[in-house]
Each structure stands twice: as C-alpha cells, then as structure tokens.
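Assemble the whole structure, with the sequences as input and the hints as a guide.
Number of protein chains: 2
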Amino acid sequence: MQTLIQSVLTLQNDALASVDVLLTGDRIHTVAPANTLPVAPHQRVIDGTDRLLLPGFVNGHTHSSQVWQRGLIPQLPLELWLANVFDSTPGQLDQFYWGAVSTAVDTLMSGGTCVMDHAYVIPGQEIETMAALVRGYKAVGIRAVIAPLIQDLPFASGFPKGCLLPQSASPRSAAELLAMMAAIVAEFHDPDNGIYIGVGPTGFHRCSDELLAGCRELSDRYQLCYHTHLLETRAQKRLAQERYGISAVQHLQNLGCLTPRTSVAHGVWIDEKDIEILASAGSTLVHNPVSNLRLGSGLAPILKCLQGGLNVAIGCDGAASNDAQNMLEAIKLGTILHTVTDSDYENWLTPEQALHMATAGGAKGVNLGDRTGTLAPGMDADLVLYNLDHPSLLPRTNSLQLLVLGRPTDVVEAAWVQGRQLVDQGRLLTVDTTALHHNLRHQPVATKESQAQHHPVESHYRDVMLNR
Amino acid sequence: MQTLIQSVLTLQNDALASVDVLLTGDRIHTVAPANTLPVAPHQRVIDGTDRLLLPGFVNGHTHSSQVWQRGLIPQLPLELWLANVFDSTPGQLDQFYWGAVSTAVDTLMSGGTCVMDHAYVIPGQEIETMAALVRGYKAVGIRAVIAPLIQDLPFASGFPKGCLLPQSASPRSAAELLAMMAAIVAEFHDPDNGIYIGVGPTGFHRCSDELLAGCRELSDRYQLCYHTHLLETRAQKRLAQERYGISAVQHLQNLGCLTPRTSVAHGVWIDEKDIEILASAGSTLVHNPVSNLRLGSGLAPILKCLQGGLNVAIGCDGAASNDAQNMLEAIKLGTILHTVTDSDYENWLTPEQALHMATAGGAKGVNLGDRTGTLAPGMDADLVLYNLDHPSLLPRTNSLQLLVLGRPTDVVEAAWVQGRQLVDQGRLLTVDTTALHHNLRHQPVATKESQAQHHPVESHYRDVMLNR
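Line by line, the protein sequences are chains A and B.
For the first sequence, the positions run 29 to 496 when the working numbering is used.
For the second sequence, the positions run 29 to 496 when the working numbering is used.
Honestly, the hints are just simulated from the structure, not real lab data.
Do not rely on the hints blindly, as some may be mistaken.
Note: identical chains are not told apart, hence a pair may lie in one copy or across any two.
Stated by the list, open to error - In silico EDC-like links for lysine to aspartate or glutamate, alpha-carbon gap of 20 Å or less:
id	residue 1	residue 2
1	K189	D372
2	K476	D115
3	K301	D438
Quick look at the structure:
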C-alpha cells in the first residue's frame with residue numbers, strides 16, 4: 029500500500045516548505061519538492077493543499093488510568109495530591125483498558141502518535157493490567173511505551189522525615205519486582221506491533237538503590253527505555269539531601285541509571301550541575317508544564333536545559349494532574365511559560381523549538397529516535413496532517429506559530445502510525461468513541477464528595493515543608 | 029417571553045446546587061430549589077438535567093481588531109511586539125466589523141457574555157470604526173463595552189529613555205481626543221441595547237496627565253468605565269520612576285483616576301503598596317495570564333491582590349498576544365499559574381474563586397456589577413448553559429473543577445444575553461459563522477514574511493532593558 033501526500037506544507041530545517049511525501053508500507057519512502065513525485069497506479073493520493081504535515085508528537089509522560097480521576101482532586105502539592113490519588117485509584121481491569129483508549133484517543137486527536145504510559149498496575153494483577161493496557165493501545169493503534177510504576181519503599185518514605193509518619197506495609201521486594209518486570213517484558217514487549225515495555229521505577233524517593241540499579245540492568249539487557257520521576261518537587265530535593273547527602277541526579281548517575289535510554293519526568297528542581305550530568309549522559313528530561321502548575325511543583329529550568337544541551341521532551345502527565353491529555357495545550361504552555369524565567373527574549377522558545385521537543389525530543393526520550401519523531405525517508409510513517417483552514421487556525425498569518433500559540437481544536441484531519449491510517453477526515457477509524465464516552469459517562473467514579481477534606485499526612489507535610 | 033430552566037446545577041455560595049431558574053424578558057425572575065417552580069402556559073421549558081448554568085464570563089480586556097494579527101507576531105517583549113503590531117494593524121473598516129464579530133463569537137462560545145474591547149480605532153476614521161465595531165457586537169448580540177485606545181504622546185515616549193529614540197509625529201492633543209470621546213459617547217453609548225462606551229487612555233506611558241485626568245472627568249460625567257493599561261512590563265515600571273519619581277499607581281491616584289469604575293489591565297509589576305491603593309479605591313485589576321506569558325511580561329501578583337481585597341477580573345487580551353479568545357483557557361491558566369508564587373497551597377486559587385473572578389469580578393470591572401455577572405433574581409439574564417455530558421467533561425468526578433482545569437471544547441450548549449438566546453444546542457443563532465470564517469480565510473492579511481526580523485527600536489530596548 030502506497031500513499032502519496034501531494035503539495036503539503038511541512039517543517040524542514042525550521043522553515044516551512046511545500047513537499048510531496050510518499051509512504052510505503054510502514055515507512056516514509058520519499059520526501060521531495062512539491063509536485064515533483066509522479067502518481068503511480070494503486071497509490072492513494074491525498075491533496076495536501078492548505079494542510080500541514082508534521083511528525084506525530086510523543087506524549088512523553090502520562091499515567092493512563094488517571095483518566096478516571098480527572099477533575100477529581102483539588103489543587104494540592106504532589107505529596108498530598110498523591111495521597112488522594114491513591115485513595116481513588118480505579119481497581120477494575122476494564123477501567124484500565126478504557127483509560128488506555130481514552131489517553132490514546134486524546135493524544136492522537138491533538139497530534140500525538142506515541143504515548144509513554146508510566147502505568148499504575150493493580151497489585152497482584154500486574155500481568156492482567158498490562159494485558160488490558162496493551163489491548164487498549166492496540167485497539168486505537170497508537171504507538172505505546174508502557175513502563176509499569178514499581179517501588180519497593182512504602183508511601184511514607186516519599187516524604188522528608190517520612191520516618192515520623194505511620195509506616196504502611198512495604199511493597200514487594202526489589203527482587204520480586206525485577207522478576208515481574210522480566211516476565212512482563214517477555215510477554216508484552218512487541219516492537220514490531222508498536223508496543224514497547226519500559227522499566228519505570230517510580231522515583232528515587234520510593235525506590236531502593238537495589239531496585240534502581242536492577243532496572244538499569246533490565247534496560248541494558250533488553251534495550252528498554254528507563255523512565256522515572258525525578259525532582260518534581262522541593263520536598264523531593266530535600267529528601268535527596270536527607271537520604272544521600274548529594275543531589276538525586278548525582279545519585280542516579282552513581283548507580284549507573286543515566287544513559288541515552290533514560291528519560292526523567294519533571295526535573296523541576298534540578299540545578300545547573302544536574303543539567304550537566306543529564307546532558308553528558310545523553311538522557312532526556314520530560315517537561316510537563318500543565319501538571320507542574322496544577323500541582324504547584326514550580327517552573328522547570330527548561331531554557332537552561334536546552335542551553336546546556338539536554339534533550340527535552342513534552343508530556344501531559346496523568347489526567348489527575350492535567351485534566352486533559354491534549355498535546356497542543358501542553359506544547360503551548362511549555363512554549364510560553366518560560367519567558368518569565370529569562371528577561372532576554374532571544375532565549376525564549378520558538379514554536380519550531382517547541383515542535384522539535386514534542387517530536388524528535390520525545391522520540392529520543394522513549395528510546396525510539398531512530399524510528400519516529402522525524403519526517404525523513406526511512407523513518408516510520410508516524411505522521412499527522414493538520415487542516416490549516418480550520419476556523420481555529422484562521423487567519424493564515426503564520427500557521428505554524430498559530431498551531432503552537434493558538435488554541436487549535438479539531439484540526440487533526442489525518443494521522444498515521446507505522447503507516448497505518450488511524451484518522452481520516454477528522455474521524456478516528458479504529459475504536460468506537462461512542463462506546464468510550466458511554467463508559468466514561470456511566471461507570472461509577474470517585475466524586476468530589478468521596479474526597480477527604482484533609483488527609484492524615486497533611487499535618488506532617490505542613491510541619492516539614494511549610495513551617496520552616 | 030418566559031423561559032424556565034428546570035433542575036439545573038449552578039454555583040450557590042461556592043457550592044453546587046440544583047435549581048429551577050425562571051427568566052422573564054431580559055431578567056432573571058426567580059431562582060428556586062429544583063423541581064419547585066410550576067410550569068406556566070407559553071413558557072419555554074428547558075431540561076437542565078446534566079447541565080450547569082453559570083453567569084456569563086466577562087472577557088475583561090481585549091483588542092478586537094487583533095484577530096487579524098493572531099499567530100503573526102513572534103514572542104517578543106511588549107515594547108518590541110507593539111512595534112510589530114503597529115506595522116501590521118488592519119486598516120479597512122470591514123476588518124473591524126469582522127474583528128468584533130470574531131472576538132464576540134469566540135468569547136461567547138467559551139462562556140463569555142460580555143467583552144471589554146479596548147479598541148484600536150483608525151486615525152481620522154474613529155467614528156466610522158466605532159460604528160463598525162458596534163455593528164459587529166450587535167450582530168452577535170453579546171454585551172460590549174468599547175473603550176477606544178487614545179493617547180497624546182508619541183510611540184517613543186512609551187520606552188524608558190524614549191527621548192533617545194527618533195521622535196515620530198505626536199498624536200492629536202488631549203483636548204481634541206476628549207472632544208472626540210464626548211462625541212463617541214453621544215453617538216454610541218446605548219446601555220439599553222447592551223453597548224457601552226468606556227474611556228480608555230492607552231496607559232500612563234503614552235498619555236499626558238491632562239488626558240488621563242480629562243478621561244476621569246468624562247467617566248464621572250457619563251458614569252463610564254475607565255479602562256487603561258497599567259504596569260504590564262518592567263520597562264513601564266522603570267518609566268514611571270523616570271517620569272514621576274513615584275509608582276504609576278500612586279500617580280494615577282494623585283490624578284484622581286482610580287475609582288470604583290476604573291479597571292486596569294495587567295498590573296504585572298504592581299507592588300504591595302499599589303495593591304493597597306487600588307483596593308482602597310475600589311478599582312479592578314484585569315488579569316491576562318496567557319498574554320503575560322506570551323509576551324514575557326511576568327507573573328502578576330494575583331494571590332496578593334486577592335489577599336489585599338482588590339477585585340480581580342480575567343481577560344484574554346488581544347489576539348496578537350493571546351492567539352485565541354477562549355475564556356475557559358484564560359481562566360484555567362489564571363487558576364493554576366499562581367501556585368508557583370506561593371508554596372502554601374492554602375493560598376492557591378480554587379476553581380470557585382476563578383469563576384468568581386471571571387463573572388462577578390469581571391462585571392464589576394466593566395462597571396456593570398449591578399446588571400450582570402451574578403445568577404440572582406433581578407439581574408440581567410446573561411447566562412451560559414454547559415453540557416456536562418460532553419466527552420471533554422467526562423467522567424463526572426467534579427464537573428466544576430473539570431470545567432476550570434480541563435480543556436473543555438464545544439461545551440456551551442446555550443447562552444443568553446439580556447434574556448435573548450444567542451446559542452442553542454451549541455449553535456450560534458445570530459450571525460452566520462460561515463461568512464465569518466470565509467472572511468478570515470480570504471481577506472489579505474499580514475504574514476510571517478511581511479514581519480521585519482529586527483525592528484529599529486530593538487537596539488534601544490536592548491541597551492536600556494537588558495544591558496543593565
């Protein structure tokens with residue numbers, strides 16, 4: 029099957045250019061100047077006039093099952109918000125299936141063709157949960173990297189002075205978790221079909237060194253993405269000093285956990301030395317601007333990361349901390365937010381840089397930079413076609429800038445993943461969204477009323493973090 | 029004509045409640061507990077099940093003609109961005125008509141029922157421009173306060189050390205501008221039909237004291253809203269010190285310009301003493317979070333304003349600095365942005381506070397707090413009905429929070445302004461949006477290529493503001 033997209037705008041070397049693009053099987057075969065490629069028999073021909081073709085975005089960090097908690101949890105700092113998240117986490121396997129479908133659909137319809145799902149999995153039903161997630165992503169057809177959240181330290185250990193809190197039962201041991209991960213890789217890692225397993229220790233704050241290093245070993249053995257939360261909050265920065273006496277980034281480096289396959293989510297509280305370490309390691313920082321504001325985590329030093337040569341990706345984060353999974357929204361905020369950190373506008377992010385972060389930057393972050401994120405011959409055909417004549421992209425002043433800085437809605441006209449067309453004329457071709465919305469509407473969910481006003485850990489948090 | 033909305037959710041005393049609402053003529057007649065109002069003959073009855081009814085938002089600060097420049101201008105600080113805006117300002121009267129229509133439609137379809145248009149008007153064609161704007165707003169049916177931008181100091185005077193810049197011709201004198209404003213009031217101020225004139229001196233930075241005080245006199249004489257830009261940028265703060273030796277807020281207070289009818293846009297660089305002055309005067313600060321980030325103006329001290337008892341409204345600002353006129357987007361960002369300015373989450377804005385700012389806060393800001401912005405008997409029926417079953421508001425965890433913190437799209441099912449229904453079943457009943465979009469698509473507009481890479485004032489700006 030060949031598809032020829034004729035005379036379409038795209039971004040080449042940070043400038044708009046009009047090109048013909050030929051897709052063959054699952055790959056991009058040719059990119060040529062507009063109106064130069066001949067039409068062959070049996071080719072599907074798409075008129076690209078007034079359209080923009082970009083590599084699909086990578087939603088670089090999310091937690092798919094939080095779809096069931098979106099809108100639910102008040103604005104609280106991560107540590108207290110998380111207590112509420114745990115209290116209302118869904119427990120049914122089909123909720124995980126629909127969570128994956130919903131996350132995939134929202135990502136896709138806002139320009140994304142790949143999701144990094146740092147996935148909550150039901151304790152004791154990890155394999156079944158993974159199966160439900162994989163089924164969801166395959167139903168939509170999006171590329172998915174699934175890194176189950178694993179931790180071997182109890183909840184209280186994630187707080188500075190957590191030893192003062194009541195200690196809940198410890199989760200499973202590092203050895204058990206690593207064995208489980210090996211089984212998950214064996215069963216679900218399936219690159220040919222666009223499903224990848226990542227190793228996803230929750231974060232240094234809830235993981236022993238044994239688990240963090242063991243994950244590195246798995247990442248090496250199977251060439252997997254290593255994905256972890258890192259210094260999202262001021263509390264985590266304090267905890268790292270308390271526990272290690274050095275920064276969490278240096279500690280991860282000492283354990284060998286920072287490689288070109290590593291992506292760290294947030295990094296709000298990394299400093300210049302940390303940036304240097306992460307950049308030297310060839311790792312990736314995933315910026316989640318909406319979530320960082322929603323939880324009051326702070327302003328990640330993204331301009332300094334880029335100046336320091338650190339690869340940056342963009343994520344939505346889970347729907348309990350960004351109550352939409354819209355990549356264009358995350359990209360817009362990620363572009364405009366950092367102006368307040370640098371008075372010299374020559375350092376501000378351009379729309380082209382933001383798109384690079386969301387595409388090639390994101391692809392590198394999930395260890396797939398050689399397959400996706402770039403519109404070039406030989407790359408997988410993970411592409412999104414935007415309708416530049418949509419009212420939300422008018423007038424036609426600078427379409428690329430308006431795509432990034434406007435509030436585009438319903439502008440994804442077509443999308444392909446590994447050459448398979450998933451969206452046509454703005455409609456999803458794979459799953460039945462009516463069934464999705466019926467489920468979201470009618471399954472029982474936690475509501476405002478079910479949320480405790482004050483969680484038991486709150487007074488500890490206030491003592492430790494605010495009464496300083 | 030009576031309309032009975034039965035059994036609809038609304039916000040009463042910051043809590044969701046289910047009510048019946050009866051509209052009579054242009055007013056809200058009764059608000060009663062759900063299913064208690066009898067249906068009378070000839071009433072239109074609307075089933076409010078799974079719907080949320082809120083007072084319409086006030087788009088507290090925008091510049092409607094910038095619709096033609098959205099997406100156009102790169103991210104630059106206000107002073108340099110403005111030079112680009114001037115170079116690409118539309119000059120045809122019908123562009124002003126369509127600019128008003130587009131601004132009104134986008135505001136309305138995102139929950140707004142009133143616009144404060146701090147309007148650019150064509151020099152020498154001020155009356156004709158005003159007529160075009162009024163025609164646009166009346167065509168849509170939205171409530172509009174139009175404050176023509178007036179200034180009597182040249183462009184260069186808006187820069188610190190502006191005397192070093194080449195001096196362009198001065199605009200018209202204060203006396204001429206005030207006479208023109210009196211004529212505009214006489215011709216267009218029409219409260220019964222929802223069209224109000226405001227006095228809108230551009231800002232202290234481009235206005236003489238004579239003009240600033242003369243506007244106050246007009247505001248007193250006709251009871252008009254006084255609307256002006258104030259301390260949007262660090263450069264303006266420096267300019268005020270250079271010119272007055274005191275803060276711009278104190279200067280405006282000394283001139284008598286701060287009254288309960290005054291609303292000031294931005295206030296990014298106001299300090300605690302300024303907040304105290306503005307609050308004591310009963311004035312309003314209009315927060316424009318998207319624009320403030322897009323132009324790198326900074327973080328307005330909104331939490332401190334609220335703590336200081338200063339009324340705060342929310343605006344989109346013009347489409348050249350917020351490339352969408354979506355009130356829900358501005359409200360979301362205004363809600364989550366300020367977490368980074370205060371580590372104590374108990375001070376963070378709640379969704380309820382944000383909605384209050386966008387409704388009652390905005391209504392007070394345009395001097396219409398006794399007519400709109402509140403759902404109560406006797407108030408004008410400026411109301412918006414949201415469909416809580418729309419996919420972008422699912423699942424139904426906490427609908428109010430998801431409306432504010434999610435990314436709702438196409439959720440406005442119905443809207444009324446002064447009792448007249450403008451939107452029904454998600455469709456605009458008044459203007460033909462196809463004609464609007466045809467115009468936005470086919471009228472010639474400035475494009476990226478027409479934008480100079482470096483404006484002549486740039487080196488001055490860098491010298492004064494960055495080489496410090």
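Against the structure, the hints:
no.	hint	result
1	K189 - D372	between (40 Å within a copy, 19 Å between copies)
2	K476 - D115	within (12 Å within a copy, 50 Å between copies)
3	K301 - D438	neither (42 Å within a copy, 46 Å between copies)
In terms of the numbered hints stated before, the structure departs from hint 3 and from no other.
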